[in-house]
Amino acid sequence: AQRVTQPEKLLSVFKGAPVELKCNYSYSGSPELFWYVQYSRQRLQLLLRHISRESIKGFTADLNKGETSFHLKKPFAQEEDSAMYYCALGNTGGFKTIFGAGTRLFVKA
Amino acid sequence: NAGVTQTPKFRVLKTGQSMTLLCAQDMNHEYMYWYRQDPGMGLRLIHYSVGEGTTAKGEVPDGYNVSRLKKQNFLLGLESAAPSQTSVYFCASSSTGYTGELFFGEGSRLTVL
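One line per chain: the protein sequences are Z and H, in this order.
Note that this note's numbering has the first sequence beginning at 1, numbered continuously upward.
Note that this note's numbering has the second sequence beginning at 1001, numbered continuously upward.
Please keep in mind that the hints were generated in silico from the structure rather than gathered at the bench.
Predicted, not measured: the structure shown is a model, and the values here were computed from it.
Treat each hint with caution, since some may be false.
[Claimed, not checked] With a straight-line cut-off of 25 angstroms between C-alpha atoms, the simulated DMTMM-like cross-links for lysine to aspartate or glutamate are:
| no. | chain 1 | residue 1 | chain 2 | residue 2 |
| --- | --- | --- | --- | --- |
| 1 | Z | K108 | Z | E79 |
| 2 | Z | K22 | H | E1052 |
| 3 | Z | K22 | H | E1079 |
| 4 | Z | K9 | H | D1038 |
With the hints as extra help, turn the sequences into a complete structure.
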């Protein structure tokens, strides 16, 4: 079965500390993986996707097919990074995208 | 540039009442989706559409119906609302289906008493 697992519901770090939001997926085919972010009072938006291999707002994510993981990392967290983060799996057949349960990141001053 | 617009943004229903949520997109996207967002469960796909006149079931379709009569609109209906349908509903659209970026609406908060 296709599944996305985000093991942490809440992650709290201090400003300037490194942050890693974990994401594991289950999919037998070739995955398309995304990170979406929802800031307070804003709509859900794409943060980054694995095929673009780019850094957005200091965040990076590497697809590890061996470990079936797509963890989101940032070396120095900022207060404005506080938000809800969702890992998502595309290419699941039937043209749909599946989301994880989400991790709320709280960056303390 | 409106993008994806959902109406209404808030609604309170009594058990057994019916209602329709409207999603409109102005980006000429083929693919449209309805998700519900619940605490601890993330976003779960209710129904989706791969083009005008088509619909398909997602993960949690029971109790909902949808229609895509026009390419730009995707309607989500609740025929007989239940308290378990209290949630925040998000519409999304995409130009390339599962490989592309999803563009989301602002969400519709529905409470069923």
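Hint by hint, here is what the structure shows:
Using a Cα cut-off of 25 angstroms, the hinted pair Z:K108 and Z:E79 holds, with the two alpha carbons roughly 6 angstroms apart. The suggested pairing of Z:K22 with H:E1052 is violated, with an alpha-carbon distance near 37 angstroms, which exceeds 25 angstroms. Using a Cα cut-off of 25 angstroms, the hinted pair Z:K22 and H:E1079 is violated, with the two alpha carbons roughly 38 angstroms apart. A distance of roughly 13 angstroms separates the Cα atoms of Z:K9 and H:D1038; the hinted pair therefore holds under the 25 angstroms criterion.
In the structure shown, a violation is registered for the earlier hints numbered 2 and 3, in ascending order.
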